[in-house]
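One line per chain: the protein sequences are A and B, in this order.
Following this note's numbering, the numbering of the first sequence begins with 1 at its first residue and continues without gaps.
Following this note's numbering, the numbering of the second sequence begins with 1001 at its first residue and continues without gaps.
These aren't lab readings, by the way, just hints derived from the structure by calculation.
Some hints could be false.
[Claimed, not checked] Derived DSS-like pairs: lysine-lysine, alpha-carbon spacing no greater than 27 Å straight-line:
| id | chain 1 | residue 1 | chain 2 | residue 2 |
| --- | --- | --- | --- | --- |
| 1 | A | K276 | B | K1263 |
| 2 | B | K1050 | B | K1037 |
| 3 | B | K1154 | B | K1046 |
| 4 | B | K1154 | A | K176 |
| 5 | B | K1255 | A | K256 |
| 6 | A | K74 | A | K146 |
| 7 | A | K108 | A | K41 |
| 8 | A | K263 | B | K1172 |
| 9 | B | K1135 | B | K1022 |
| 10 | B | K1154 | B | K1137 |
| 11 | A | K255 | B | K1256 |
| 12 | B | K1236 | A | K254 |
| 13 | B | K1037 | A | K255 |
| 14 | A | K199 | B | K1233 |
| 15 | B | K1255 | A | K172 |
| 16 | A | K201 | B | K1201 |
| 17 | A | K280 | B | K1041 |
| 18 | A | K176 | B | K1256 |
| 19 | A | K135 | A | K255 |
| 20 | B | K1254 | A | K137 |
| 21 | A | K263 | B | K1101 |
| 22 | B | K1201 | A | K255 |
| 23 | A | K137 | A | K233 |
| 24 | B | K1021 | B | K1154 |
| 25 | A | K41 | B | K1276 |
| 26 | B | K1022 | B | K1137 |
| 27 | A | K199 | B | K1256 |
| 28 | A | K255 | B | K1176 |
| 29 | A | K172 | A | K146 |
| 30 | B | K1176 | B | K1137 |
| 31 | B | K1003 | B | K1146 |
| 32 | A | K74 | A | K154 |
[As the list claims (entries may be wrong)] Stretch-level coverage of chain A by chain B, calculated; a stretch enters the list once three of its residues show a Cβ under 8 Å from a Cβ in chain B:
| id | segment |
| --- | --- |
| 33 | 179 to 190 |
| 34 | 194 to 200 |
| 35 | 208 to 220 |
The structure displayed is predicted, hence computed values, not measured ones.
Glycine included, each C-beta is placed from N, C-alpha and C at the ideal position.
2 protein chains.
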Amino acid sequence: MKKIYIIGVGLIGGSLVLDIKKGNPNVTIYGVDNNNKHLSKALNLKIIDKVSTMSTVNEANLVILAVPVDASVKLLPQLLDAISDDALVVDVGSTKQDICKVVENHPKRRNFLAMHPIAGTEFSGPEAAHLGLFKNKTNIICEVEKTGIKLQEKALELFTSIGMRMRYMNPKAHDKHIAYVSHLSHISSFMLGKTVIEKEKNERDVFDMAGSGFASTVRLAKSSPEMWTPIFKQNKINVIETLEEYILNLTVFKKKMQNDDFKGIFNDMENTNRIKIILKGIE
Amino acid sequence: MKKIYIIGVGLIGGSLVLDIKKGNPNVTIYGVDNNNKHLSKALNLKIIDKVSTMSTVNEANLVILAVPVDASVKLLPQLLDAISDDALVVDVGSTKQDICKVVENHPKRRNFLAMHPIAGTEFSGPEAAHLGLFKNKTNIICEVEKTGIKLQEKALELFTSIGMRMRYMNPKAHDKHIAYVSHLSHISSFMLGKTVIEKEKNERDVFDMAGSGFASTVRLAKSSPEMWTPIFKQNKINVIETLEEYILNLTVFKKKMQNDDFKGIFNDMENTNRIKIILKGIE
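Bound conformation, chain A alone (with noise of 0.2 Å):
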């Protein structure tokens, strides 16, 4: 592996490339975005090594596309086309259904890796990326089987070479469950920043007020609109599902809280406090 291309230079793809190019010192790192300023910053950053365009991508050993999921899926096949035999391909998406119908039936299907790695941070871009990321992280693997063997093998050493562990999960149970741990706690924090900010005409009384729990809650709410956007897009379905589980609970909660079934609330709130074994081991 000589030649590495990534599609996106920000905080996802940036920290994968700057985690392999300390393991495999002898990479080239090809950067291509539609940003140059991205590119530029990347390049100053030591992200990447070159700065290059889609019309190489041939030379490429391994493609990293790592650009919102509508612009995935658009570049893909176009990719796929374009990649070399024995090339990988792998995204990093945070949907996976769209993406792997789209090259379900392309004839080099077998050179492309469908992966979610669960990582990443509130900021974006190639300031955002930095080195360690993925240690201990999980990277999700969907229809492993259509990817060749050799391929397969290549990838799993890689990415468990970074501290990644792999997990293997259809696309559509990938869509279905990442909606209830991941999107929805984005729109729970969206929103949630939403009210208050709404609320809260003059801005210095929700600084002074506010302490690390709100922080905390609202985090998400810092994240990206471009990249966020055409996720729940894509997962519309289950998104809307798990928002609308959400609201219910919520109604119920305020439901009982207006007939003072304090008892209820209290038992609500104890059984919840099982996230914290849960949580052990993510945070």
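Chain A is fixed; fit chain B onto it per the hints.
Then chain B, alone, in the frame of chain A:
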């Protein structure tokens, strides 16, 4: 100031006396708690110097009331009855209307200062107490004019010395604002945890797919139901108002998704990104 009584040796009370003791090594800290295990732990952890009871509170120079807010409302009048004429009682509860109301006509009202230090973690009990919790945190003080001038000065000096900045507010405004920036966050987090736990019968799936974003958003769902149920009860009207607005925002978001109004969703998220500026300085 020689004798400080701490009623409730949990996270907030324990952390307060740790900080106070550090700056005032000659004071003796007397711990009162109806949980004997907490008292033993607090003694072992050197949070308190002596175990005591309410019956000797007349000897105290300062009494810090740090119990759940329903217990505070019951205990405060008894404490004011019992203390000496030049002693100060402060409470640290997350609601301020009921506590101020219950002593508004008490003959020793001037010996009480109502305050709410905006600090804490999702943990509870004396083991959660730690030095430095209040550094650079806001301490909201209500009805300061009803506290005797010398006792005001004493409190200001003491709480400034442990790193807090004071802010003055009436109890009604406090309870309304804090519902938005603290109480609602707790409910959004508890209901997020509930929604995900209910859906994911197989906890292993949650664990494997959840990342740091979920962990952050659901962190407050680890909070103590013993502490939070009485807060929601006392601040019922304000909390229901915030819940209604939150549920409405979530419902509108869901409808936008159903109508494929992803431009609207993008705009909502982009506008809410302003939270970045608001949060600077809190985290």
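Taking the hints in turn, this is what the structure says about them:
Restraint check for K276/A and K1263/B: not satisfied, since their Cα atoms lie roughly 37 Å apart, outside the 27 Å limit. Among the hinted pairs, K1050/B with K1037/B is consistent with the structure: their alpha-carbon atoms are about 14 Å apart, no more than 27 Å. As the CA atoms of K1154/B and K1046/B are separated by approximately 24 Å, the hinted pair is consistent with the 27 Å bound. Simply put, K1154/B and K176/A have alpha-carbon atoms about 57 Å apart, too far for the 27 Å limit, and the pair is violated.
The hinted pair formed by K1255/B and K256/A meets the criterion: a straight-line CA distance of about 25 Å does not exceed 27 Å. Simply put, K74/A and K146/A have alpha-carbon atoms about 20 Å apart, close enough for the 27 Å limit, and the pair holds. A threshold of 27 Å between alpha carbons decides the hint, and for K108/A with K41/A the separation of about 33 Å lies outside it, so the pair is violated. In summary, the hint linking K263/A to K1172/B is supported, as the alpha carbons are separated by about 26 Å, within the 27 Å threshold.
For the hint linking K1135/B to K1022/B, the alpha-carbon distance of about 13 Å falls within 27 Å, and the restraint holds. At most 27 Å may separate the alpha-carbon atoms for a hinted pair to count; K1154/B and K1137/B meet this at roughly 19 Å. Simply put, K255/A and K1256/B have alpha-carbon atoms about 25 Å apart, close enough for the 27 Å limit, and the pair holds. Annotation: proposed proximity of K1236/B to K254/A holds, straight-line Cα distance about 9 Å (limit 27 Å).
Our distance criterion of 27 Å between C-alpha atoms is broken by K1037/B and K255/A, whose separation comes to about 36 Å. Distance hint between K199/A and K1233/B is fulfilled; the C-alpha atoms sit about 22 Å from each other, no more than 27 Å. With a C-alpha separation of about 23 Å, the suggested pair K1255/B and K172/A falls inside the 27 Å cut-off, and the hint holds. Only pairs whose Cα atoms come within 27 Å are accepted, and K201/A paired with K1201/B is rejected, the gap being roughly 41 Å.
For the given pair, K280/A sits about 24 Å from K1041/B by alpha-carbon distance, which is consistent with the 27 Å threshold. A C-alpha spacing of about 20 Å is found between K176/A and K1256/B, which places the hinted pair at or below 27 Å, so the restraint holds. Restraint check for K135/A and K255/A: not satisfied, since their Cα atoms lie roughly 43 Å apart, outside the 27 Å limit. A C-alpha spacing of about 30 Å is found between K1254/B and K137/A, which places the hinted pair above 27 Å, so the restraint is violated.
Proposed proximity of K263/A and K1101/B is supported: the alpha carbons are some 25 Å apart, at most 27 Å. Of the pairs offered as hints, the one joining K1201/B and K255/A holds, with about 26 Å between alpha carbons and a cut-off of 27 Å not exceeded. With a C-alpha separation of about 26 Å, the suggested pair K137/A and K233/A falls inside the 27 Å cut-off, and the hint holds. Using a Cα cut-off of 27 Å, the hinted pair K1021/B and K1154/B holds, with the two alpha carbons roughly 15 Å apart.
The straight-line distance between the Cα atoms of K41/A and K1276/B is roughly 22 Å, inside the 27 Å bound, and the hint therefore holds. A threshold of 27 Å between alpha carbons decides the hint, and for K1022/B with K1137/B the separation of about 18 Å falls inside it, so the pair holds. Proximity of K199/A to K1256/B is assessed by CA-CA distance (about 21 Å); at most 27 Å being required, the pair is judged to hold. Between K255/A and K1176/B the alpha-carbon distance is near 19 Å, which keeps this suggested pair within the 27 Å criterion.
Among the hinted pairs, K172/A with K146/A is consistent with the structure: their alpha-carbon atoms are about 15 Å apart, no more than 27 Å. With a C-alpha separation of about 20 Å, the suggested pairing of K1176/B with K1137/B holds against the 27 Å cut-off. A distance of roughly 24 Å separates the Cα atoms of K1003/B and K1146/B; the hinted pair therefore holds under the 27 Å criterion. Restraint check for K74/A and K154/A: satisfied, since their Cα atoms lie roughly 25 Å apart, inside the 27 Å limit.
Evaluation of the coverage hint for the segment 179 to 190 of chain A: fulfilled, as 10 residues show C-beta separations to chain B shorter than 8 Å, against a requirement of three. Interface restraint, the segment 194 to 200 of chain A with chain B: holds (7 residues with C-beta to C-beta distance below 8 Å; minimum three). Only residues whose beta carbon comes within less than 8 Å of a beta carbon in chain B count, and the segment 208 to 220 of chain A has 13; three or more means the coverage holds.
Of the numbered hints listed earlier, those contradicted by the structure are 1, 4, 7, 13, 16, 19 and 20.
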